[in-house]
Amino acid sequence: MSSGSDAGAAPKKIVITGIAGRLGRVVARRLHRDPRYSLVGLDRRPFPGRPKDVEHHQVDLRSKKARDVFRSGEIAALVHLGVMHDPRSTPAELYSWNVGGTSRLLDYCQTYGVPKVVLLSSANVYGPRPDNPQFLTEDAPLLAAQRFPQMRDLVEVDHLASTFFWKARAVETVILRPVHILGTVHNAPSNYLRLDPIPMLLGFDPMVQLIHELDVAEAISAALAPGARGIYNVVGPGEVPLSVVIKELGRRTVPIPHPLAKPLYWAAWRLGLSGYPVAEFDFIRYVCMVDGHRAERELNIRPRHSLRETIRAVDEPSDV
Amino acid sequence: MGVVDRLRGKRDAAPAKDDIAARSRALVVRQNEYGYDPFGLSRDHVKNAARVMRWIYRYYFRAQAYGIENIPPSGRVLFIANHSGQLPFDGLVIGGAVFLEPPQPRLVRSMVEHFVGTVPFASYFFSRLGQVTGTPENCRRLLQEDEAILVFPEGARGISKPFSKRYQLADFGLGFMRLALENRTPIVPVAVIGAEEQAPAINLRSIAKLVGAPSFPVVPYPPFVPLVPLPTKYRLYFGEAMHFTGDPDDDDEALDEKARAVKHRIQSMIHLGLRERKHVFW
Chain A
1351 MSSGSDAGAA
1361 PKKIVITGIA
1371 GRLGRVVARR
1381 LHRDPRYSLV
1391 GLDRRPFPGR
1401 PKDVEHHQVD
1411 LRSKKARDVF
1421 RSGEIAALVH
1431 LGVMHDPRST
1441 PAELYSWNVG
1451 GTSRLLDYCQ
1461 TYGVPKVVLL
1471 SSANVYGPRP
1481 DNPQFLTEDA
1491 PLLAAQRFPQ
1501 MRDLVEVDHL
1511 ASTFFWKARA
1521 VETVILRPVH
1531 ILGTVHNAPS
1541 NYLRLDPIPM
1551 LLGFDPMVQL
1561 IHELDVAEAI
1571 SAALAPGARG
1581 IYNVVGPGEV
1591 PLSVVIKELG
1601 RRTVPIPHPL
1611 AKPLYWAAWR
1621 LGLSGYPVAE
1631 FDFIRYVCMV
1641 DGHRAERELN
1651 IRPRHSLRET
1661 IRAVDEPSDV
Chain C
16 MGVVDRLRGK
26 RDAAPAKDDI
36 AARSRALVVR
46 QNEYGYDPFG
56 LSRDHVKNAA
66 RVMRWIYRYY
76 FRAQAYGIEN
86 IPPSGRVLFI
96 ANHSGQLPFD
106 GLVIGGAVFL
116 EPPQPRLVRS
126 MVEHFVGTVP
136 FASYFFSRLG
146 QVTGTPENCR
156 RLLQEDEAIL
166 VFPEGARGIS
176 KPFSKRYQLA
186 DFGLGFMRLA
196 LENRTPIVPV
206 AVIGAEEQAP
216 AINLRSIAKL
226 VGAPSFPVVP
236 YPPFVPLVPL
246 PTKYRLYFGE
256 AMHFTGDPDD
266 DDEALDEKAR
276 AVKHRIQSMI
286 HLGLRERKHV
296 FW
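The listed protein sequences derive, respectively, from chains A and C. Residue numbers are given in the working numbering: position 152 of the first sequence equals residue 1502, and the series is strictly consecutive. Residue numbers are given in the working numbering: position 132 of the second sequence equals residue 147, and the series is strictly consecutive.
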């Protein structure tokens, strides 16, 4: 690792999986600004409007071509954002992509001597539960899969990376577990907050934590610093009740009694009327909040956007 | 022992005793731009609930608090009290005393059973009022933030005890002592008199077993299950703070000894209070 070298040296090549997604583009834009890095995209989707100096490989993560990207031996870091959340894909496809794909990528990193791996996991892996402590620390068990099997892949990817952290000590592995990411991204929490009216569960209004997508990009940039390794919860500017978030956005809500919500939305989902997967209902019922002090202390990760800015980011027009 | 100091320091209170708005403003709350603290507490919700609480405290139970000077105006503290009466009004009345009586009002946070989180409305209502899910992590975090916490170490064993066992303390859990040692927190023992008689119940064990509940209390008047407490007179005794030192990871035996010291203090305050009491209802 060449630490302390400012300009002058050749920029370090960083592979970003899932670069063509919205979050991928946000992260790419942030890292592109940094003269120390040159970016290599890895995504099976095309990357329209990419800057000329960003190399893009439109390949499947699991393919041989993905391996060739690493084989050259000049990759300085892997930023793995390419975990697929698409609830419409089949479980087998999701499993093969997420768990199979991640495990291969980690293999390449070990084999071809990539010194740094940053995995973007999620604070959701702890799982929303009525008996959760208000703030979960990094050593809390990952129980999300217990209540809904759809989360199993994401929990398993996180486990894969933490096993890799111990197994491949030569590689600096950083696992980031950010809270709900809001912004132009099309993830579950942002999509949920763009609904109108927004379904809430009657009599439930859990505290939630939110983070701006740009703050996540900052966190990834901080995790790329030489020497950073470990598992980190990444939090945003604070905690608010879900109802306050919705009020800030000026949306209406529909309170649904929780015994009815699941069958109702399951039916709507099957008919294609709703884009909100039923498994996620526990996130608007119970708390799943984390303690971000470790990331703040060790990586100096701090949100730059206020709560209000973070919430409003959901409605910002996307410029990508 | 100087535990019982009758109604001292009542006149020179800073915000007027029952000025709920002024008292709510005087509370120390770490709130964000939307008015919520990290645990979901909101000063507005507290203010509204405090009006109801005040009525219950002053008029329904006509509560009388002794040893108010033993409530520290700031800093971390654990209130340890006896738990009784089938319905958790003892928690509400202790919270009322700590909010209404001392010159500097404080908000007591208590540790709520896990199942409350699954009950509609209750799930967020308790959290807006500063009550938190009962886990050691939550308690530790709040103590480190210099909050006041109420713990009933008897837990469910205490609140569901039958009328025949009134004012006899059940076994104390040790968790509170471990947390007190770990976070160097003074313990203020609290004796609650009057809650035992609010719902004189017997426990139908066979039915409890049948429905899978920890207890099945029955009271000898309609509607036969304890829903509304009888308007007994509550008397609260706040004892002098007790300070303990030692290793929080010590054997249970060593901790048990310390926990028993607290239990004995509460038991003797209960005896004292019962002796002073002339009648259950006034």
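These are calculated hints, taken from the structure and not from any lab test. In this text the structure is predicted, and so the values were computed from the model without any measurement. Watch out, some of these pointers could steer you wrong.
As the list claims (entries may be wrong) - Below, a list of computed lysine-lysine pairs in the DSBU-like style, where the Cα atoms sit at most 35 Å apart:
1) C:LYS278 x A:LYS1597
2) C:LYS273 x C:LYS180
3) A:LYS1612 x A:LYS1597
4) C:LYS248 x C:LYS278
5) C:LYS273 x C:LYS293
6) A:LYS1612 x C:LYS273
What the hints assert, rightly or not - If the Cβ cut is set under 8 Å, some of the chain A residues that face chain C in the computed set are:
7) ASP1481
8) GLN1484
9) PHE1554
10) MET1557
11) LEU1657
12) GLU1659
Backbone N, C-alpha and C fix where the C-beta goes; we use that ideal spot for every residue, glycine too.
Hints and how they fare:
no., hint, in the structure
1, C:LYS278 x A:LYS1597, "violated, 48 Å"
2, C:LYS273 x C:LYS180, "holds, 24 Å"
3, A:LYS1612 x A:LYS1597, "holds, 24 Å"
4, C:LYS248 x C:LYS278, "holds, 23 Å"
5, C:LYS273 x C:LYS293, "holds, 33 Å"
6, A:LYS1612 x C:LYS273, "violated, 49 Å"
7, ASP1481, "holds, 4 Å"
8, GLN1484, "holds, 5 Å"
9, PHE1554, "holds, 6 Å"
10, MET1557, "holds, 5 Å"
11, LEU1657, "holds, 6 Å"
12, GLU1659, "violated, 11 Å"
Going down the numbered hints, you'll see the structure goes against 1, 6 and 12, while the others check out.
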